[in-house]
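Kindly generate the complete structure, drawing on both the sequences and the hints.
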Amino acid sequence: MQITPKVKEILSWYEGESPGVKGSLVRLLMHGRLAGSGKLVILPVDQGHEHGPARSFASNPAAYDPHYLYQLALDAGLSGYAAPLGMLEQGADTFAGQLPTILKMNSANSLAAEGADQAVTASVKDALRLGCVGVGFTIYPGSDACYDMMEEIRDIGREAKSHGLISVIWSYPRSGKVSKGAGETALDIVSYAAHMAALLGANIIKVKPPTDKLDLDAAKKVYEAENIDRSTMAARIRHVMQCAFAGKRLVVFSGGEAKDTEGLLNEIRQIRDGGGSGSIIGRNSFRRPKAEALDLLDEVIKIYLNEA
Amino acid sequence: MQITPKVKEILSWYEGESPGVKGSLVRLLMHGRLAGSGKLVILPVDQGHEHGPARSFASNPAAYDPHYLYQLALDAGLSGYAAPLGMLEQGADTFAGQLPTILKMNSANSLAAEGADQAVTASVKDALRLGCVGVGFTIYPGSDACYDMMEEIRDIGREAKSHGLISVIWSYPRSGKVSKGAGETALDIVSYAAHMAALLGANIIKVKPPTDKLDLDAAKKVYEAENIDRSTMAARIRHVMQCAFAGKRLVVFSGGEAKDTEGLLNEIRQIRDGGGSGSIIGRNSFRRPKAEALDLLDEVIKIYLNEA
Amino acid sequence: MQITPKVKEILSWYEGESPGVKGSLVRLLMHGRLAGSGKLVILPVDQGHEHGPARSFASNPAAYDPHYLYQLALDAGLSGYAAPLGMLEQGADTFAGQLPTILKMNSANSLAAEGADQAVTASVKDALRLGCVGVGFTIYPGSDACYDMMEEIRDIGREAKSHGLISVIWSYPRSGKVSKGAGETALDIVSYAAHMAALLGANIIKVKPPTDKLDLDAAKKVYEAENIDRSTMAARIRHVMQCAFAGKRLVVFSGGEAKDTEGLLNEIRQIRDGGGSGSIIGRNSFRRPKAEALDLLDEVIKIYLNEA
Amino acid sequence: MQITPKVKEILSWYEGESPGVKGSLVRLLMHGRLAGSGKLVILPVDQGHEHGPARSFASNPAAYDPHYLYQLALDAGLSGYAAPLGMLEQGADTFAGQLPTILKMNSANSLAAEGADQAVTASVKDALRLGCVGVGFTIYPGSDACYDMMEEIRDIGREAKSHGLISVIWSYPRSGKVSKGAGETALDIVSYAAHMAALLGANIIKVKPPTDKLDLDAAKKVYEAENIDRSTMAARIRHVMQCAFAGKRLVVFSGGEAKDTEGLLNEIRQIRDGGGSGSIIGRNSFRRPKAEALDLLDEVIKIYLNEA
Amino acid sequence: MQITPKVKEILSWYEGESPGVKGSLVRLLMHGRLAGSGKLVILPVDQGHEHGPARSFASNPAAYDPHYLYQLALDAGLSGYAAPLGMLEQGADTFAGQLPTILKMNSANSLAAEGADQAVTASVKDALRLGCVGVGFTIYPGSDACYDMMEEIRDIGREAKSHGLISVIWSYPRSGKVSKGAGETALDIVSYAAHMAALLGANIIKVKPPTDKLDLDAAKKVYEAENIDRSTMAARIRHVMQCAFAGKRLVVFSGGEAKDTEGLLNEIRQIRDGGGSGSIIGRNSFRRPKAEALDLLDEVIKIYLNEA
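Protein chains in written order, with the working numbering: chain A, 45 to 352; chain B, 45 to 352; chain C, 45 to 352; chain D, 45 to 352; chain E, 45 to 352.
Watch out, some of these pointers could steer you wrong.
For identical chains, the list gives no copy identity; a pair is met inside one copy or between any two copies.
[Said to hold, decoys possible] The list that follows gives simulated cross-link-like pairs (lysine-lysine, DSSO-like), each with its CA atoms no further than 30 Å apart:
(1) Lys334 <-> Lys66
(2) Lys346 <-> Lys292
(3) Lys221 <-> Lys334
(4) Lys224 <-> Lys66
(5) Lys334 <-> Lys252
(6) Lys66 <-> Lys264
(7) Lys221 <-> Lys52
(8) Lys303 <-> Lys334
(9) Lys169 <-> Lys66
(10) Lys50 <-> Lys66
(11) Lys334 <-> Lys52
(12) Lys224 <-> Lys265
(13) Lys334 <-> Lys265
(14) Lys221 <-> Lys50
(15) Lys257 <-> Lys50
(16) Lys224 <-> Lys334
(17) Lys169 <-> Lys265
(18) Lys221 <-> Lys292
(19) Lys334 <-> Lys264
(20) Lys50 <-> Lys265
(21) Lys252 <-> Lys224
(22) Lys252 <-> Lys66
(23) Lys303 <-> Lys52
Everything labelled a hint here was simulated from the structure, so no lab data went into it.
Listed below in structure tokens is the structure:
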């Protein structure tokens with residue numbers, strides 16, 4: 045398939061990157077049903093490490109098998125698939141070259157005490173060995189570990205890019221001055237998260253869909269003084285995109301906790317209307333029986349193709 | 045001996061690994077009385093470092109001598125033997141090539157204050173020099189040190205595999221949000237432990253046999269909502285195997301604290317019935333007089349051979 | 045596009061390689077009009093270094109511009125494009141992700157005295173930075189430099205593969221015991237060249253179409269005693285493929301010196317009939333005006349698609 | 045299978061080596077039909093690189109396929125299989141763990157001009173990745189390149205042993221003061237070749253069966269003065285073994301050029317009677333149709349088992 | 045002097061070590077008046093770093109001079125001398141080759157706050173430069189620093205052995221779960237200390253003579269249940285030796301705090317009767333006037349020679 049003007053335009057935003065990194069972006073942007081549209085729908089499966097396997101897969105036991113997840117992403121025509129080391133390895137040979145993959149480099153676990161941090165569980169060499177297009181990394185801006193995490197992604201991102209891999213940052217503020225719970229998805233916090241990820245050199249940024257809340261007092265004053273529109277999800281997405289270099293970074297939004305289908309699709313319509321680059325949908329897809337998941341992902345893709 | 049279809053099938057699960065790593069898996073899976081069955085019974089002797097020598101060997105003083113332990117594993121027809129550096133060295137020449145060995149890379153000690161951690165006491169180069177088939181490493185998910193431990197095994201595992209050695213993870217959750225004592229063997233915790241080890245790239249996973257308890261509230265809800273069967277040990281083992289990539293990772297279960305023979309054998313029958321890959325039996329074997337230990341291990345092997 | 049059974053079969057021949065290398069093979073085998081057919085037509089442009097620019101480009105001055113060459117490969121629907129460092133760099137950004145590229149790592153020049161050798165003019169890091177799928181390297185078996193060249197490709201090949209790139213060897217015997225001129229394309233010499241490249245670990249092998257001559261006396265005896273069919277180009281190609289691990293390596297054949305179109309197409313039909321993996325056509329394409337070149341390449345591709 | 049007293053005795057000769065190297069020796073000495081006998085029959089297939097593919101495989105075209113060669117060694121119950129990089133790779137995954145393999149590290153080619161040398165075409169890391177028990181290396185004592193070759197094997201041997209791999213030296217004197225042709229297999233030359241390999245640290249030595257000729261004048265005087273028996277092949281083999289540290293190194297003898305079966309078997313009986321450690325039989329096995337090859341190898345093995 | 049059967053037997057215990065390491069052991073075991081007996085009396089002088097110079101040397105000011113200490117060890121016919129970098133350097137030239145020396149690699153100091161740790165103050169290269177037979181290292185099992193210390197000795201021990209030097213571990217449990225003071229010399233603690241040092245790969249282990257106390261509750265139960273004899277020092281020494289790989293590691297016992305001569309000699313008689321490998325006597329020797337020290341050491345040596 046020919047590269048499209050939209051993808052060409054997106055590449056122009058990444059002017060500082062090597063042809064290798066741009067080539068990896070193209071591989072992602074030209075794969076699946078959204079190929080060429082400039083939109084992305086990615087399957088992420090790192091919940092097993094973060095929440096435990098039963099909470100992740102018990103509702104659809106077929107998903108305990110790593111091959112199922114590769115196949116789901118392929119059958120649904122998604123743009124790519126992101127997972128930790130062991131999960132990618134158990135399928136990397138069978139599915140070699142069939143699907144852009146992103147190696148999730150760090151992982152949280154719910155057994156550890158409060159302190160928000162993650163272990164770096166893979167290396168850039170692993171990503172190359174497994175044929176990935178990029179590496180993914182979570183940061184927790186606000187947490188005590190956030191400076192260390194940022195320095196880890198600095199090194200990993202630099203090594204990845206020097207080998208032609210893209211860098212994806214999951215930017216999830218928590219603790220520190222961020223109010224527990226609602227604060228983590230407040231508009232000022234999410235847009236700040238997206239901006240920091242862009243500043244850290246992320247090629248693709250993953251954040252949560254923002255609510256209309258504002259969490260930091262200092263921010264609140266500005267949002268109100270400047271009348272920043274946060275009345276609809278579309279407006280809020282538009283603001284987040286603006287905070288990602290005036291929309292010149294790809295920002296994908298998580299589906300968040302499993303929710304009802306209509307709610308999810310409405311949210312995605314607003315992500316599209318607000319100019320978001322796409323969705324990264326884990327639990328809402330792999331926790332459903334495959335037929336249901338394929339139906340849902342078909343709807344999601346249609347939304348991004350402006351067919352629904 | 046010819047490699048069996050069962051071993052061939054097991055190798056197919058490790059599709060991401062080099063021929064060297066697969067060859068080491070074959071050496072382990074084709075040794076001893078269980079050769080070719082796809083089942084493993086391994087003798088681990090790292091309790092001396094963790095609990096002290098008298099608690100480990102005083103009941104059967106012959107076991108103070110490292111040669112005794114090699115010979116026990118050989119005479120019993122076990123699949124392999126795992127121990128720390130000094131203990132393997134004191135016998136590695138005498139028993140060279142006679143028994144697959146696994147170098148235990150880190151060791152806890154009971155003198156240190158609470159914080160669960162271990163010292164890395166050997167290197168991958170040692171494992172090669174000693175002719176081992178792999179390296180073993182303990183992680184304590186939940187502990188303050190768990191992120192560091194995961195990063196240590198990431199580097200050790202990668203170095204080991206690049207030299208054709210297999211990676212074995214002892215995954216033992218403790219502290220953090222894990223309830224002290226009973227929580228450590230709760231079903232949700234053990235299956236989570238197995239899943240994390242798989243995600244970290246372990247070729248073989250060691251966990252404790254799970255009880256029917258559930259420890260984390262968030263997990264409890266899912267286990268109950270999804271009616272995950274935990275009524276028998278066999279059902280619980282089946283769940284743990286499912287959490288290890290739908291049974292596509294070798295998972296061996298510890299014998300746990302010394303217990304009466306019949307209790308132990310019943311547990312092992314259920315491990316077998318639940319599809320577990322085998323047992324790793326330390327204290328229950330080397331703390332008994334040799335004749336008793338051989339009788340016990342003979343029974344265990346017969347169970348895995350479906351002869352008892 | 046879905047990976048085809050033919051491509052799956054080809055991957056199975058490369059069983060020793062990582063998923064990363066297999067993924068790069070897929071990128072090449074799934075690109076262009078021959079995608080999925082298991083056949084390859086590649087544009088190589090390293091003649092400028094070897095023969096000087098005027099001898100290479102004066103007949104079609106548009107080809108002095110590196111962008112022209114990228115575009116030619118794209119417009120013709122070729123599988124990929126191979127060139128030295130500077131030539132790939134001048135276009136790598138514009139064409140990022142649009143075409144599989146192979147970085148030619150060493151280059152001869154016609155100014156140096158007779159001794160057949162080449163300079164290594166690029167690095168594996170360059171190939172990664174430029175987003176290539178692989179590296180290419182020429183060896184001159186027979187030359188005084190041949191042992192050094194083989195040791196260079198050993199190191200380059202190993203580094204490339206460990207980063208997920210494929211290794212392509214241009215195997216061109218010359219000097220030493222090889223008769224100058226006709227000896228270099230004798231059947232025994234070409235098939236030996238292909239076999240050595242395979243033994244050196246090449247993923248893709250480039251040789252010249254063999255004539256029915258035999259050059260080495262020792263070989264001649266065997267070819268005659270064993271009645272090895274060399275009566276047609278197809279028979280000779282079949283023999284060369286056999287010498288490449290019973291056809292389990294991809295072997296592409298150069299177009300050789302510029303020749304008349306019909307002669308070239310007939311040769312390519314025989315390469316196809318003999319089971320060759322495809323063609324690597326430089327001078328015969330870029331030295332013609334673009335329209336003629338596209339017509340020619342269209343014919344070539346149709347032949348490999350069994351449409352002509 | 046239990047390690048035998050004979051193998052134990054052989055290990056005692058390698059007292060300077062690590063348990064890892066001894067373990068690899070055990071793997072070789074305990075494999076196949078000769079397991080435990082202290083004798084070795086190894087299949088080497090590096091003739092394709094040295095003489096070209098047709099001269100090597102045309103008489104039995106099935107042997108063009110690397111899998112055929114692995115399978116031949118397995119079916120014949122040989123001790124192991126030695127081949128260059130590409131040939132081992134094409135089969136290493138399929139046959140992982142089934143057969144001890146030796147990576148041939150350097151390769152000659154018949155296209156190069158007279159100067160006897162070889163290219164080092166693989167690395168110790170490759171041997172580990174492919175799960176080999178050792179590395180093999182040819183030296184040409186006498187050639188202009190011999191000092192370089194000895195220094196190459198010094199480094200390769202040291203790296204191999206430090207990773208638990210054995211070192212095998214093909215010691216083939218040629219050129220320099222060695223008379224071309226007959227001189228290369230003269231008794232003084234072959235025994236000198238074996239001795240040098242032992243001095244270079246070889247664990248296993250490969251030489252050609254010696255004739256009763258003496259090549260160097262200085263040696264001739266001593267052989268005659270000391271009445272060294274060279275009247276029969278058995279006597280000559282006994283002398284060669286004596287020159288290999290009084291028989292404390294494993295020395296295997298090549299089958300040499302393809303010859304008639306009875307001649308070959310008689311020679312092997314004498315190798316056995318002279319105390320040789322075994323044979324390394326390439327062309328005489330893989331150039332015959334498989335059934336014939338299996339019959340021949342069966343006879344050879346019976347000889348070493350003292351059954352024929 | 046001929047190596048004795050006793051020393052031969054001791055070397056057989058170190059089967060995993062290189063000839064270089066065994067050669068260093070022989071140098072130590074064949075020096076001084078105890079040469080060949082399998083017993084060792086070593087002079088250690090690291091108290092200056094740990095307690096300050098006046099506490100160490102003021103009672104016998106001659107000992108401020110490093111040459112005095114070398115000469116004392118020589119004149120007394122001791123097996124060897126162990127000290128930190130500067131102290132060995134001041135004398136290494138004068139006494140080159142006259143006395144086996146052990147470079148003490150880490151040192152505590154009494155100025156630092158409580159946290160038990162030591163600084164690594166020398167390198168293996170220093171030990172080679174100074175002609176030492178080995179390196180010494182203190183660990184404090186139980187302390188917060190114990191994991192780090194164990195990882196330091198892992199690296200130092202491996203480097204030392206790979207250069208043919210022996211590794212000596214001073215294993216001194218303190219803090220953590222070890223009761224301050226009496227706990228540090230309790231039988232369960234000392235035997236555990238010896239066992240850990242053995243597992244860490246120590247060639248020679250230094251511990252304190254144990255009292256009949258038991259410190260850890262879990263250990264206490266076992267000692268009582270198994271009726272482990274701790275009634276006499278000899279019985280306790282016997283138990284410690286058992287915990288050092290059934291007596292297959294050399295364990296030497298410190299003299300501990302300065303005490304009266306008869307008490308010290310009685311303790312040493314019991315160390316001998318319990319099968320201990322010898323003594324390492326610092327303060328009790330160098331703090332006395334030389335004549336007294338020589339008398340004392342003469343008595344000690346006679347005990348180990350069974351002459352007193």
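Checked against the structure, which of the hints given earlier come out wrong?
-> Hint check: 3, 4, 6, 7, 14, 15, 16, 17, 20, 23 fail, others pass.
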